[in-house]
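2 protein chains.
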Amino acid sequence: MAATSDWKTIGLQKRQSVLDKIPQEWRLPAATLAEAHEANELDVTSIPRDSGILTADEITITENYDATALLEKLAAAEYSALAVTTAFCKRAAIAQQLTSCLTETFFDEAIERAKFLDEHLAKEKKPLGPLHGLPISIKDSFNYIGQETTLGFVSFVGGKTIAKEHSALVKILLDLGAVLYIKSNIPQTLMTADSENHVFGRTLNPHKLTLTAGGSSGGEGAVVGLRAAVLGVGTDIGGSIRVPALCCGTYGFRPSASRIPYGGQGSPGRAGSPGVLAAAGPLATSFRDVRLFMETVLGHNPWSYDHSVLHAPWRSLTTPKTLTIGLLPIDPAFPIHPPMRRALDSAIDKLKAAGHTIVPLGYVPSIAVANQQIADYYSLDPAITPFKNIEASGEPKIRSVAESPFVSKRNGKLDMDDLYTLNATRTQCMAAWHKIWMTTGIDVILGPVCETTAMPHDTFGNTPYTTLYNYLDYPSIVIPHLKADKDIDTGKDFISYKAYNPEKTHGAPTGVQVAARPLFDEELLDAAEIISKVLES
Amino acid sequence: MAATSDWKTIGLQKRQSVLDKIPQEWRLPAATLAEAHEANELDVTSIPRDSGILTADEITITENYDATALLEKLAAAEYSALAVTTAFCKRAAIAQQLTSCLTETFFDEAIERAKFLDEHLAKEKKPLGPLHGLPISIKDSFNYIGQETTLGFVSFVGGKTIAKEHSALVKILLDLGAVLYIKSNIPQTLMTADSENHVFGRTLNPHKLTLTAGGSSGGEGAVVGLRAAVLGVGTDIGGSIRVPALCCGTYGFRPSASRIPYGGQGSPGRAGSPGVLAAAGPLATSFRDVRLFMETVLGHNPWSYDHSVLHAPWRSLTTPKTLTIGLLPIDPAFPIHPPMRRALDSAIDKLKAAGHTIVPLGYVPSIAVANQQIADYYSLDPAITPFKNIEASGEPKIRSVAESPFVSKRNGKLDMDDLYTLNATRTQCMAAWHKIWMTTGIDVILGPVCETTAMPHDTFGNTPYTTLYNYLDYPSIVIPHLKADKDIDTGKDFISYKAYNPEKTHGAPTGVQVAARPLFDEELLDAAEIISKVLES
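Quick note, the sequences are listed as chains U and Z, same order.
At position 422 of the first sequence the residue is numbered 422 (UniProt numbering), and the sequence of numbers has no breaks.
At position 43 of the second sequence the residue is numbered 43 (UniProt numbering), and the sequence of numbers has no breaks.
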């Protein structure tokens, strides 16, 4: 085991190397940098625009379009891929200096690719693919040839995790014409809602630096929240796409497992887990970009890239325009904080006013039990590999890992009998939920994303309303809606085991979560499109 | 534990109760019955026709049509459901007396339902559903309200397994208009290719009573092989649909797991297994009936009946008329017997002559290793529940269970570490196979079903070429083709660890197996349709 000084040095050196790759002319002034720290209650979302680093065109490119609109401009050569890529590289560099949202950057390679795409368009008179020239950010866990996949483990630094092959999804995105340029930060072990590690530091929430950006795709949340990308890719085994989406005010979609290629990623754990499956999916600034991501990736035979992708081509539907929406009951064990309550109530009111039917679900299987069960599923590995990966360098656990609610008390001690029991219980739970769908005739379920908005660092804790859907393998989407307001969400009468502090969370984005049955991703997105339009109105 | 005499008595009493439900006028003469035993090398396939029990019309109904053709006659009221049901009930009674292929019979209830269907058609001027009036046989494991699901365990006899609810698939078949009338025999534990147990005895092969009918859906094989049903439903976790199909000369299709509802069945084992998934699927007398089964069940929202069914609606395709067919290499550890070799060679020759391309696959991941691995997957339960269910009555293991190659040496002793390793190895194997598909561009894989034809009782042993596809979760279909012939398949130069005896297996059906990637069931059936037409020509 390395000495204590070693792990600190290794981490700091790696962190410095990321910084070193940012050109001088993209650096923020010292005064701004001095303000960008985790104890400052600062909203940094306007700093990229005001920094003087971006040209007027680059501000327009990064702020005025979603991916769908940008792709139209790119295909029509109204913007060159070079201009768009340069704009987002610069904005990503700024975002990194403000929130530590990145792990690896490969700006030069991205610029080269943008030039290649521009030449292609000029020569062939048509885009390379439906994502021609679009910069897309990816979570650190994805392998990109030539870049390290350290996952924030100090023990993974030093060259041994340099990717020799792209992840399957990376290959597809490139084949579709996208430009990749950055990988985004994650928590040590990828199993907390605080994206902190001893290699890349802690990702801060762009809306308020004292708050978490969420996790485990917290870097991705901050990137998309700051429009350092308008489309990003995360992964989710308990809320790791949806929690950062909530915290950073973006859309975030966890598809059913095995629809978007997950293969060829780095992993903090051990191959061969018989536990719940993680899923890859998008974070975006608009609802339609979520659909764009799903339809372009599913439209490109992902099962040819990754054996573990379900051969389930994307279906086009005629969804009823008037929805019957089940309302998830709040589990008394997990009361939701006033701003989240207000966001949900607002959604309900708006949906009712728009003519949709809200059906409060009566009895549902215990959400608390599902949470205990999934913690056991996370904790099956007798070798406790993620902790071994921490210990290998001598680095300590970060606070949110040390206090993790996602690690079972039986971590590493569950045996085959336990697994049979877990599986049988999960099947019963799935069957009970199935019965609810069949008897109520609901199209989707509406409910909270989490009990809380983004919380002060290291206090987010568990995520019962997102993990529920991992346990059930329900596709589920976060739709941003409103923001916490200390004057409205006073919380005078609110009691919870998770402290609610109206002052500290003032200004944090809120949102709602919509879910559907496994492999009803298409039905879910059709309904979510209707819902998001109602919430925006 | 019960005394030895008890289990024998309980088994014999139950067996007698099945016999007692056969009306006197449907009983075979004593002289015929005396010949129907497992030591007699008799082909009984013509006995139903010659027995004098069936009317001329009933012979026509049961022998001249497949399910598709029969349904046309039923829908047009050219045959009444009553006539068709009566014919198949009678033929099933004869089949039972010849081969012990049944467990439960509910002829009276079936006749009542047939009358109801006839009334419905007369009144509504349209069939109840696409399977209106079609008698379908189901494996004993399916629950049918009011019938026992003993699975051939003596300890399950006595009322405690009387079904209070239909299995999901039973519900669907009834909703589609089918008539259910019999459940079919299986091996003790459902984990051998010899359908024998101490409750219902041993199912004999209708083509030669000295041979196995296969297993675990061996009763179903004999039922369909004798046309006591033209469509039957089995389940398959290692070959349990395909081995009986081969042995009894029928089509047999194991779909990808979780496409056909598997839920609500009785089980010889323990709920919650993290091992490979079993699949339900059809045995049929024609290829098009396999398609009929898949399209009608998948066309009826099976995911509304069973939460575990994948929401993957059946896809209509345009498959190229000229196929590129990968040829599975024979594993040197599992040489195939001369009749199976001849069937495969004949198929290859015919397909080539018809203009299709045969691509012999070079390296493939070890089939032997896949077989060892799947035996471990079958053996994960620390409680060894199937054996407990045997011991509970004091009955002994049947010979093929005692000698089973499907039970790992580590039965009940595998731990979580082993499971991680198994899963990781399986994933690697799936990825390696995926690469083969991607690099060769093949449409399907052609290969043997088993090393052997139906074998003398209790000598079938392992099934490496069917279990391979359970391990990979590849949909796979058995297409019957030719029969063993002692004069051609002399086996003079053939050496194998499994004894080949041209005399003993003379007349046994042979066939080939065609497989595709997971959830490429539609592509597989389109290709298999082309292949089966070529083989029939």
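It is worth saying that the hints were derived from the structure and are not from the lab.
It is possible that some hints are incorrect.
Any copy, or any two copies together, can satisfy a pair, since identical chains are not distinguished.
Here are the simulated lysine-lysine pairs, DSS-like style, with alpha carbons at most 27 Å apart [said to hold, decoys possible]:
#1 Lys413 x Lys388
#2 Lys435 x Lys171
#3 Lys160 x Lys435
#4 Lys164 x Lys435
#5 Lys125 x Lys504
#6 Lys160 x Lys413
#7 Lys164 x Lys350
#8 Lys397 x Lys321
#9 Lys125 x Lys492
#10 Lys504 x Lys486
#11 Lys321 x Lys413
#12 Lys492 x Lys73
#13 Lys125 x Lys483
#14 Lys409 x Lys492
#15 Lys21 x Lys483
#16 Lys350 x Lys413
#17 Lys125 x Lys533
#18 Lys397 x Lys492
#19 Lys533 x Lys321
#20 Lys413 x Lys486
#21 Lys492 x Lys413
#22 Lys160 x Lys483
Identical-chain pair category, Lys413 with Lys486, by Cα at 27 Å:
Answer is neither: 44 Å inside a copy and 58 Å across each miss the 27 Å cutoff.
At most 27 Å between alpha carbons: which applies to Lys125 and Lys504, within, between, both or neither?
neither (53 Å within a copy, 71 Å between copies)
27 Å Cα cut-off: does Lys321 pair with Lys413 within a copy, between copies, both or neither?
The answer is neither: 50 Å in one copy and 55 Å across copies each exceed 27 Å.
Up to 27 Å CA-CA - Lys413 versus Lys350, copy category
neither (48 Å within a copy, 57 Å between copies)
From the Cα coordinates, with 27 Å as the cut-off, is the pair Lys160 and Lys413 best called within, between, both, or neither?
Neither: 30 Å inside a chain and 36 Å across chains, both beyond 27 Å.
Classify it for me, Lys164 with Lys350: is the Cα-Cα distance of at most 27 Å met within a copy, between copies, both or neither?
Classified as neither; 50 Å inside a copy, 45 Å across copies.
Alpha-carbon proximity between Lys21 and Lys483, which holds within one copy, between copies, both or neither at 27 Å:
Cα proximity of Lys21 and Lys483: none, with 35 Å in one copy and 72 Å across.
Reference check for the pair Lys409 and Lys492, CA-CA at most 27 Å: within, between, both, or neither?
Neither, since 35 Å and 64 Å both go past 27 Å.
Up to 27 Å CA-CA - Lys321 versus Lys533, copy category
within (12 Å within a copy, 46 Å between copies)
Check Lys125 against Lys492 for me: Cα-Cα at most 27 Å, and say if that holds within a copy, between copies, both or neither.
Neither way: Lys125 and Lys492 sit 62 Å apart in one copy and 67 Å across, limit 27 Å.
For the identical chains here, do Lys492 and Lys413 meet the 27 Å Cα criterion within one copy, between copies, both, or neither?
neither (43 Å within a copy, 57 Å between copies)
Cα distance capped at 27 Å. Does Lys397 pair with Lys321 within a copy, between copies, both, or neither?
neither (49 Å within a copy, 60 Å between copies)
Hint compliance for this structure: hints 5, 6, 7, 8, 9, 11, 12, 13, 14, 15, 16, 17, 18, 20, 21 and 22 are broken, all remaining hints hold.
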